[in-house]
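> Quick note, the sequences are listed as chains A and B, same order. Note that the first sequence covers residues 20 to 130 in the working numbering. Note that the second sequence covers residues 674 to 786 in the working numbering.
Check the hints yourself; a few may be wrong.
When the alpha-carbon atoms are kept at most 27 Å apart in a straight line, the in silico DSS-like pairs for lysine-lysine are as follows [to be verified]:
no., chain 1, residue 1, chain 2, residue 2
1, A, Lys74, A, Lys90
2, B, Lys727, A, Lys76
3, A, Lys37, A, Lys72
4, A, Lys114, B, Lys742
5, B, Lys727, A, Lys32
Just so you know, these hints were derived from the structure itself, not from any lab.
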Amino acid sequence: DVKVTQSSRYLVKRTGEKVFLECVQDMDHENMFWYRQDPGLGLRLIYFSYDVKMKEKGDIPEGYSVSREKKERFSLILESASTNQTSMYLCAALKNTGELFFGEGSRLTVL
Amino acid sequence: LAKTTQPISMDSYEGQEVNITCSHNNIATNDYITWYQQFPSQGPRFIIQGYKTKVTNEVASLFIPADRKSSTLSLPRVSLSDTAVYYCLVGDFRNTGFQKLVFGTGTRLLVSP
Numbered sequence: 020d021v022k023v024t025q026s027s028r029y030l031v032k033r034t035g036e037k038v039f040l041e042c043v044q045d046m047d048h049e050n051m052f053w054y055r056q057d058p059g060l061g062l063r064l065i066y067f068s069y070d071v072k073m074k075e076k077g078d079i080p081e082g083y084s085v086s087r088e089k090k091e092r093f094s095l096i097l098e099s100a101s102t103n104q105t106s107m108y109l110c111a112a113l114k115n116t117g118e119l120f121f122g123e124g125s126r127l128t129v130l
Numbered sequence: 674l675a676k677t678t679q680p681i682s683m684d685s686y687e688g689q690e691v692n693i694t695c696s697h698n699n700i701a702t703n704d705y706i707t708w709y710q711q712f713p714s715q716g717p718r719f720i721i722q723g724y725k726t727k728v729t730n731e732v733a734s735l736f737i738p739a740d741r742k743s744s745t746l747s748l749p750r751v752s753l754s755d756t757a758v759y760y761c762l763v764g765d766f767r768n769t770g771f772q773k774l775v776f777g778t779g780t781r782l783l784v785s786p
């Protein structure tokens with residue numbers, strides 16, 4: 020199976036800080052995704068990428084950017100963290116069988 | 674991408690069979706139907722995928738009628754550990770390239786003793 024690794028399980032940052040969330044997959048999959056999950060709101064798509072240097076906005080891209088310089092790595096960037104970005108962030112990679120593989124998640128708290 | 678609709682929540686007891694239905698009226702010809710299970714503080718995990726009729730694996734069955742406008746995930750003899758949120762996702766997953774995968778609200782299943 021595909022292994023998707025997120026760099027940090029828990030982060031605490033201050034308002035205005037720049038935050039990097041890293042995600043690495045161990046297979047050669049084109050499609051990668053960043054979601055955030057908040058209680059009662061389910062999984063919401065922030066950004067996705069279908070190839071190196073290609074990125075597309077999801078449903079809630081405001082306040083975020085992404086980077087895909089290598090196929091195995093997809094990074095989510097919060098340029099200036101705000102308290103309303105406190106959330107669980109989930110990265111996923113899509114296998115060509117149609118299965119999405121998720122990382123363990125990164126729980127971000129912005130103070 | 675086909676929009677999906679599921680019940681918000683369901684309750685069951687241990688040992689019962691649970692059927693969760695997902696509606697996807699605008700499913701496209703090349704779309705597959707995939708179900709995921711999510712426990713608290715974890716990422717969703719793939720359960721089963723199908724295109725038409727019936728698919729069965731070691732944990733679940735997936736029933737898809739001929740018109741493919743809905744699908745039903747069947748969990749036989751649930752246990753307390755099946756308490757989770759279940760999502761159905763519809764899309765042309767096997768095609769490389771542009772893939773915007775948006776999840777619906779999911780169904781929260783609570784299994785009681």
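> None of the hints should be skipped; say for each whether it holds.
To see whether the hints hold, each was checked on the structure:
no. : hint                 : in the structure
1   : Lys74/A to Lys90/A   : 12 Å, holds
2   : Lys727/B to Lys76/A  : 35 Å, violated
3   : Lys37/A to Lys72/A   : 21 Å, holds
4   : Lys114/A to Lys742/B : 25 Å, holds
5   : Lys727/B to Lys32/A  : 48 Å, violated
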